[in-house]
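A.B. asks: Based on the sequences and whatever the hints tell you, model everything.
Its first residue numbered 106, the sequence shown is counted upward by one per residue in our numbering.
By construction, these hints were calculated from the structure, which means they are not laboratory data.
Just so it is clear, CB atoms sit at the ideal spot from N, CA and C, and this is done for glycine as well.
Incorrect hints may appear among the rest.
Stated by the list, open to error - DSSO-like mimics (lysine-lysine), calculated; alpha carbons at most 30 Å apart, straight line:
1. LYS199 with LYS219
2. LYS248 with LYS271
3. LYS271 with LYS314
4. LYS144 with LYS219
What the hints assert, rightly or not - Here are the in silico distance ranges between beta carbons for each label pair:
5. SER233 with ASN178: 32 to 42 Å
6. GLU209 with THR133: 19 to 29 Å
7. ASN137 with ARG276: 47 to 57 Å
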Amino acid sequence: MRILYTLLLVTLFTTASTQAQNWGWNKTIRGNGEVTEDKRDLEDFDGIKACCSMNVEITQGNEFSVLIKAESNLMEYIETKVLGTTLDIGFRDKVQVRQKENIEVYITMPELTKVDASSSADIYTKGSFRGETLRLESSSGSKVRVMFSGEAARIDASSGGEVIVKGTINRLRAEASSGANVDATEATAQEVDADVSSGADIEIHVTEKLRADASSGGSIRYSGTPAQVNSDASSGGKVRKQ
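C.D. replies: See below:
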């Protein structure tokens with residue numbers, strides 16, 4: 106019975122490995138060092154999502170444009186598609202890419218409402234965006250750097266992700282966990298609602314009202330002279346004025 110069970114496991118593993126190869130899983134593509142450009146015809150999006158060590162530059166403009174610079178043998182595996190109102194940039198066929206040169210993506214768009222970076226991606230704005238609301242998400246060692254002026258912004262950073270935001274915002278909501286970092290010291294915010302945990306760090310500048318909750322070794326540091334401060338720190342968390 107034990108031998109039969111072992112044979113069954115071996116068969117299942119072999120079948121799964123074969124299917125994985127057929128589906129392109131774990132296929133590794135190495136860059137050839139020859140950088141080329143490709144312009145993608147995409148429009149009608151107001152959000153950006155990117156992963157996998159890509160560098161993405163976003164500029165506010167009247168027209169849509171997407172330009173990719175990457176090694177020639179990797180270009181066909183770089184997938185760009187609009188899902189809902191978000192431009193999703195990643196790799197197709199579940200391939201693993203080993204580039205010699207950075208993958209650079211240059212985007213122009215009229216409005217920006219969401220940025221989502223994961224797996225060591227670096228997404229940043231060139232110049233300042235103006236709008237009503239903006240959501241910023243960063244995880245798994247990625248970085249988001251944005252200049253924004255508007256009514257409200259929400260930041261979610263986790264797993265070593267980093268968000269740096271500058272500008273003028275009436276209401277700011279920021280959450281950070283698992284060693285992530287949020288730097289909003291150069292963003293003037295009237296009202297701030299901040300939650301931090303698990304060794305993460307939030308730095309903010311607030312002028313009127315602050316609610317801050319820090320736990321499990323998380324730290325919130327704030328500058329400015331808000332008239333109302335409601336703070337709570339537990340399990341090694343810290344809330345302090347700079």
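A.B. asks: Please go over all the hints and tell whether each is borne out by the structure.
C.D. replies: Going down the list of hints, with the structure as the test:
no.	hint	in the structure
1	LYS199 with LYS219	holds, 24 Å
2	LYS248 with LYS271	holds, 14 Å
3	LYS271 with LYS314	holds, 18 Å
4	LYS144 with LYS219	holds, 22 Å
5	SER233 with ASN178: 32 to 42 Å	holds, 37 Å
6	GLU209 with THR133: 19 to 29 Å	holds, 21 Å
7	ASN137 with ARG276: 47 to 57 Å	holds, 48 Å
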